[in-house]
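Participant: Listed below are the residues making up each chain.
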Amino acid sequence: MSPFTRLARSLGTARWLSPLLLLAVLEAGSRSGLIPERTLAAPSQVLATLWAMTASGELTDNLAVSFLRIIAGLAIGVTTGIVLALVAGLSRQGEVAVDPLMQIKRTIPTLALTPLFIVWFGIGETPKIALIAFASIFPVYLNLYGGIRGIDVRLLEGARSLGLSRAAQVWHVILPGALPALLVGLRYSLSVSVLVLVVAEQINATAGLGYLINNARDFMRTDIILVCLMVYAVLGLAADGLVRAVESRALVWRPSIVSQ
Amino acid sequence: MNLLREPAPRKDPAVDARLNHFTSPAAPAVTSEPVVSLRDFTRRFGDNTIISGLNLQIAAGEFVILLGRSGSGKTTLLRTLAGLDPVEGQDVTIPGSRAVVFQDARLLPWKKVWRNVALGLKRGNARQLAEEALQEVGLGHRLEAWPLTLSGGEAQRVALARALVREPQLLLLDEPFAALDALTRLRMHELVLSLWRRHRPAVLMVTHDVDEAIALADRIVLLDGGKIVAQERITAARGPERATVAAPLRKRLLDALGGVVEERPAGEIVALHAGARP
Ligand SMILES: Nc1ncnc2c1ncn2[C@@H]1O[C@H](COP(=O)(O)OP(=O)(O)O)[C@@H](O)[C@H]1O
Ligand SMILES: [Mg+2]
Numbered sequence: 014m015s016p017f018t019r020l021a022r023s024l025g026t027a028r029w030l031s032p033l034l035l036l037a038v039l040e041a042g043s044r045s046g047l048i049p050e051r052t053l054a055a056p057s058q059v060l061a062t063l064w065a066m067t068a069s070g071e072l073t074d075n076l077a078v079s080f081l082r083i084i085a086g087l088a089i090g091v092t093t094g095i096v097l098a099l100v101a102g103l104s105r106q107g108e109v110a111v112d113p114l115m116q117i118k119r120t121i122p123t124l125a126l127t128p129l130f131i132v133w134f135g136i137g138e139t140p141k142i143a144l145i146a147f148a149s150i151f152p153v154y155l156n157l158y159g160g161i162r163g164i165d166v167r168l169l170e171g172a173r174s175l176g177l178s179r180a181a182q183v184w185h186v187i188l189p190g191a192l193p194a195l196l197v198g199l200r201y202s203l204s205v206s207v208l209v210l211v212v213a214e215q216i217n218a219t220a221g222l223g224y225l226i227n228n229a230r231d232f233m234r235t236d237i238i239l240v241c242l243m244v245y246a247v248l249g250l251a252a253d254g255l256v257r258a259v260e261s262r263a264l265v266w267r268p269s270i271v272s273q
Numbered sequence: 019m020n021l022l023r024e025p026a027p028r029k030d031p032a033v034d035a036r037l038n039h040f041t042s043p044a045a046p047a048v049t050s051e052p053v054v055s056l057r058d059f060t061r062r063f064g065d066n067t068i069i070s071g072l073n074l075q076i077a078a079g080e081f082v083i084l085l086g087r088s089g090s091g092k093t094t095l096l097r098t099l100a101g102l103d104p105v106e107g108q109d110v111t112i113p114g115s116r117a118v119v120f121q122d123a124r125l126l127p128w129k130k131v132w133r134n135v136a137l138g139l140k141r142g143n144a145r146q147l148a149e150e151a152l153q154e155v156g157l158g159h160r161l162e163a164w165p166l167t168l169s170g171g172e173a174q175r176v177a178l179a180r181a182l183v184r185e186p187q188l189l190l191l192d193e194p195f196a197a198l199d200a201l202t203r204l205r206m207h208e209l210v211l212s213l214w215r216r217h218r219p220a221v222l223m224v225t226h227d228v229d230e231a232i233a234l235a236d237r238i239v240l241l242d243g244g245k246i247v248a249q250e251r252i253t254a255a256r257g258p259e260r261a262t263v264a265a266p267l268r269k270r271l272l273d274a275l276g277g278v279v280e281e282r283p284a285g286e287i288v289a290l291h292a293g294a295r296p
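Chains A and B, in that order, are what the protein sequence lines are.
Read left to right, the first sequence gives residues 14 to 273 (this note's numbering).
Read left to right, the second sequence gives residues 19 to 296 (this note's numbering).
I should point out that these hints are in silico values taken from the structure, not numbers from a laboratory.
Beta carbons are placed, not taken as given, at the ideal position from N, Cα and C, and that holds for glycine.
Misleading hints may appear alongside valid ones.
As the list claims (entries may be wrong) - One-sided and incomplete, this derived list gives chain A residues near chain B with beta-carbon spacing under 10 Å:
id	residue
1	Ala-27
2	Asp-165
3	Leu-168
4	Glu-170
5	Gly-171
6	Ala-172
7	Leu-175
8	Ser-178
9	Ala-181
10	Leu-192
11	Leu-196
12	Arg-262
13	Val-265
14	Trp-266
What the hints assert, rightly or not - One-sided excerpt, in silico: chain B residues whose CB lies under 7 Å from chain A:
id	residue
15	Pro-127
16	Trp-128
17	Gly-138
Construct all of the structure, not just a fragment, from the sequences and the given hints.
Facilitator: Printed below as a string of structure tokens:
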């Protein structure tokens, strides 16, 4: 096999090739003037802007603001979701009380509540955090509740036959058994929180990624808009990676992970 | 013959007439205070009566095997003795300390082997107790293993260690070795016997394997349709001595079960046991 055909083969299976080609085409289009800058900034321009905004602290400061909104919203939403799932999952009365409300909540798209939240909470930080919190309750609730209800009853019975108290059964059997489901819920909550963040920051923000984007829109700075989109993507990836890392530590007992 | 035959405790005319020719009306030989006592015990699921009018006593340290075909109510009875099912005010006495080994080991997959054994132990030296118990079942080297990496036989040995570490007065085994291969099963028989000799719990072990029953039991209780249809006390020592009584006993048990006696070397498991022990 000649070096040339080998190269052609390895290029044929390279998954990075097509995105790179797209970037090259965009770059060529911008340089030749086929794509005006107000439509789409050139990739090299976007990189330069990214560098400049990072160096000046503009990007990092606004990212920090958005990050804190997500953390606060998630902390409230995930905690609420976990508590509600425990109440509904561990007791019949709890299920009767909580689950119908959660099913009703599910039918309302969170973002449709934005006007109501603005009326209630004004246009400061509160409605943004409240929206993120509200959206992130349900994935955690649904998955953890399902996880608790899906516990293998034979394992529970085994624990009961050894004389474990109800509290000990919850601690040693139910909670660890429902942990994988909770982590799945957490992953959904994280991605939905980024989604809601984007919309929530359209509410009269004076800082944050949404603020940057809104400003850039007014000045038709497509390079800044693209930088922010990249940051959103990185946020989503980082959130996913975080849950994966937690999973591989918390679920070491699973055979797929054990065998590695 | 080394067999003491026992009657079904209730002389119910409804009990199959087939019993009569190998049971005699002598009273069961329970010497000390029984650790388990059921009187006229009945268990229903809805309209289905699974167990009716059952009398059973188990003496301290006695090794009882509950034999019966699938669906005869063995597990239902065992669950009652394990305290897992409500008894609804019936005359049921079970000891305070019990442990169960199920057919599936029911280890918690998210706890390492020794933590499974130590599960629920209140004492401070739980780890040490778990280690000792695991050494007893020959798994001293798998303390830190994850349960899902164990073989079927190893998992059952962990389950045995988990049961025995509590030093129960009553050890309940529900077809614990049914899913194991024949050779592993023989090893497990030896293990159970040696553990039983050392710790002396009363044992009620469920099986549908007649040879397993003959090899292990002090007394075999035959359950059919939710009633005890026959009991056999075996006084012959386990091992070679037992091989001599195995053939007629096996035939009687199979007759009582309504099974067809297959033509195969009688008491083969018993004989294997005889060879397996020094
Ligand atoms: N929880 C239950 N609800 C209804 N029927 C049951 C239940 N458990 C057992 N049974 C019925 O009781 C009968 C005896 O079951 P089981 O004690 O498990 O038999 P064995 O262990 O001897 O095979 C079966 O017919 C089974 O369908
Ligand atoms: Mg059964």
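Participant: Now tell me if each hint is right for this structure.
Facilitator: Hints, verified against the model:
| no. | hint | verdict |
| --- | --- | --- |
| 1 | Ala-27 | 37 Å, violated |
| 2 | Asp-165 | 8 Å, holds |
| 3 | Leu-168 | 6 Å, holds |
| 4 | Glu-170 | 6 Å, holds |
| 5 | Gly-171 | 3 Å, holds |
| 6 | Ala-172 | 7 Å, holds |
| 7 | Leu-175 | 5 Å, holds |
| 8 | Ser-178 | 8 Å, holds |
| 9 | Ala-181 | 6 Å, holds |
| 10 | Leu-192 | 8 Å, holds |
| 11 | Leu-196 | 13 Å, violated |
| 12 | Arg-262 | 12 Å, violated |
| 13 | Val-265 | 7 Å, holds |
| 14 | Trp-266 | 5 Å, holds |
| 15 | Pro-127 | 5 Å, holds |
| 16 | Trp-128 | 4 Å, holds |
| 17 | Gly-138 | 5 Å, holds |
Violated hints, listed in ascending order, are 1, 11 and 12; each of the other numbered hints is respected by the structure.
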